[in-house]
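As they're listed, the protein sequences go chains A and B.
Per my numbering, the very first residue in the first sequence carries number 5; after that it's consecutive.
Per my numbering, the very first residue in the second sequence carries number 5; after that it's consecutive.
Note that these hints are calculated values from the structure, not bench results.
Heads up, a few of these hints could be off.
[Unchecked claim] Quick look at which bits of chain A chain B covers, simulated, 3 or more residues with Cβ under 8 Å: (1) 21-28; (2) 96-103; (3) 295-306; (4) 310-323.
[Stated by the list, open to error] In silico DSS-like pairs for lysine-lysine, Cα to Cα no more than 25 Å straight-line: (5) A:Lys305 - A:Lys274; (6) B:Lys236 - B:Lys274; (7) A:Lys118 - A:Lys236; (8) B:Lys236 - B:Lys225; (9) A:Lys274 - B:Lys274; (10) B:Lys247 - B:Lys236; (11) B:Lys274 - A:Lys118; (12) B:Lys247 - B:Lys274; (13) A:Lys274 - B:Lys118.
Using N, Cα and C, we set each Cβ at its ideal position, and we do this for glycine too.
Single-letter residue listing:
There are 2 protein chains.
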Amino acid sequence: MTESGLIIPSLDDMLAAHERIKPVIRRTPVRVSDHLNDLAGCQLFFKCENFQEPGAFKVRGAANAVFGLDDAQAARGVATHSSGNHASCLSYAAKLRGIPCNVVMPHTAPQAKKDTVRRYGGVITECEPSTSSREETFARVQAETGADFVHPYNDPRVIAGQATCAREFIEQVDGLDAVVAPIGGGGMISGTCLTLSALAPDCRVIAAEPEQADDAYRSFKAGRIIADDAPKTIADGLLVPLKELTWHFVSNHVSEIFTASEQEIVDAMKLAWRHLRVVIEPSSAVPLAAVLKNKGAFAGKRVGVILTGGNVDLDRLPWINA
Amino acid sequence: MTESGLIIPSLDDMLAAHERIKPVIRRTPVRVSDHLNDLAGCQLFFKCENFQEPGAFKVRGAANAVFGLDDAQAARGVATHSSGNHASCLSYAAKLRGIPCNVVMPHTAPQAKKDTVRRYGGVITECEPSTSSREETFARVQAETGADFVHPYNDPRVIAGQATCAREFIEQVDGLDAVVAPIGGGGMISGTCLTLSALAPDCRVIAAEPEQADDAYRSFKAGRIIADDAPKTIADGLLVPLKELTWHFVSNHVSEIFTASEQEIVDAMKLAWRHLRVVIEPSSAVPLAAVLKNKGAFAGKRVGVILTGGNVDLDRLPWINA
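Produce the complete structure using the sequences and hints provided.
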């Protein structure tokens, strides 16, 4: 715990998390493409977290929280508010442990997201699409169930879980000069910082963010958290602001934050589909977009890119239905 | 060589091919999905040949032919007629060896296919979309260049190359009860038969074919090669007929041929994209479609599926533009 009362997860927490979640997660493979290397002017290594069973890296942090609970707390279950991958990954992890998962979600959330949570046994309580309604509803659900709140990123257990990805990555690929990951709330970037600052201190951690939701970029420049009201971007996993815990890692360990436009994100997504032949969601394409836009920063380097998720509505692709 | 004059590739040919092509090909990973296992009622293992650099298993056979040439023949290059993955994979392998590759292709072939061949340095000679024009044009090109003809599948070097895929597969996954692969001309199925009949004789080889191009199915039932005139299916890699060499393997070692309708192929393709999060072309979805249609044949088994290729026009997806 720091002076400010924050509990900063440590390397030991990451190592313990990895042991705890190994039976639940996949050691995802690393993809390469000579064609993308030629295009980028560097050697790119893509860690396929979209290949986790529920389709996103967030299963790491969620599973660490769920499988770290003592039996008494586990019996009361877990809860969160999210309409994205955290909700489905937490439901998935809870299902594997056989405990309840409650998710508070605005009734306006896409049906596909609700379906995924329910497929994994998550129980959805709908709220109005406002912060006050969400907080009120969540407080009620938590009071009724006694469920443990697992925040999507501002939780040391979650960050220690996400940090296991970078550990596998440096075991799989030697001599990475940099790892680039998307930044929204900062959970994956924080975990990456945790692991690399200890195990590969010469490897730079670079965050990539949509121009249209560039609050982390502006926070980084300003030296304090700046939160936007309602950013809009196709990279819908990256809408949320930094919080105290992720700000700790971002402000101390991130080398650089690059941004990319909506068109650059869509173009990079399509490039990844075409040349890596993997399905990634728009949020996951932001790092490749940022690399292609800032070739000078990566020229000749060995660059790791974390493909964070692959949950896409295949009936609505941005280059077809834009 | 058999009585009929066929040169049947042997297990040693496969082993030599594997050594020869290892620097050129990728040892592709195997994907699994709990969700697809639940759906199919068996344990599915998907070998991702779509992750080869040029996006298809055909790089194995093409590279074996190209890198097996002596220097004098290599200097005159290779040639083929194909408008599909064999043409681009042969061009790719030739480029890596630094030798010419001539491809005869109807002028009606899609621009994207021509672009891919040219990106890998292949030289295209266009012909009319008829067999006579193709043969005439090809004979002229071969006479002019002295290039070595590498048939897409009716060539022992090609089959020995494709056979390396099954060797990796059984090294990667223990105790497979069956391997299912698409059948068109039969190159991949023949290579799979070659390897498994020797190294895993208890593992059944099952072929999957579009209903609308079911000449291999009918040949299998009739006990002789039946070739269709101009079959039409979305699985455009599977339009070609069996030839003597592939018929040898199909008639001797294949346990079963299952067929799937166009809609079943498209549905399976979308399922693979959604749950495996990999981009596969329609031809590669036929085995999954066949498994889902014949669950009784696979119930409770460990079933390997070869995802043969991932070259798709992302602007025209069959479930959007059908």
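* **Hints not upheld, ascending by number** => Hints 1, 2, 3, 12 not satisfied by this model.
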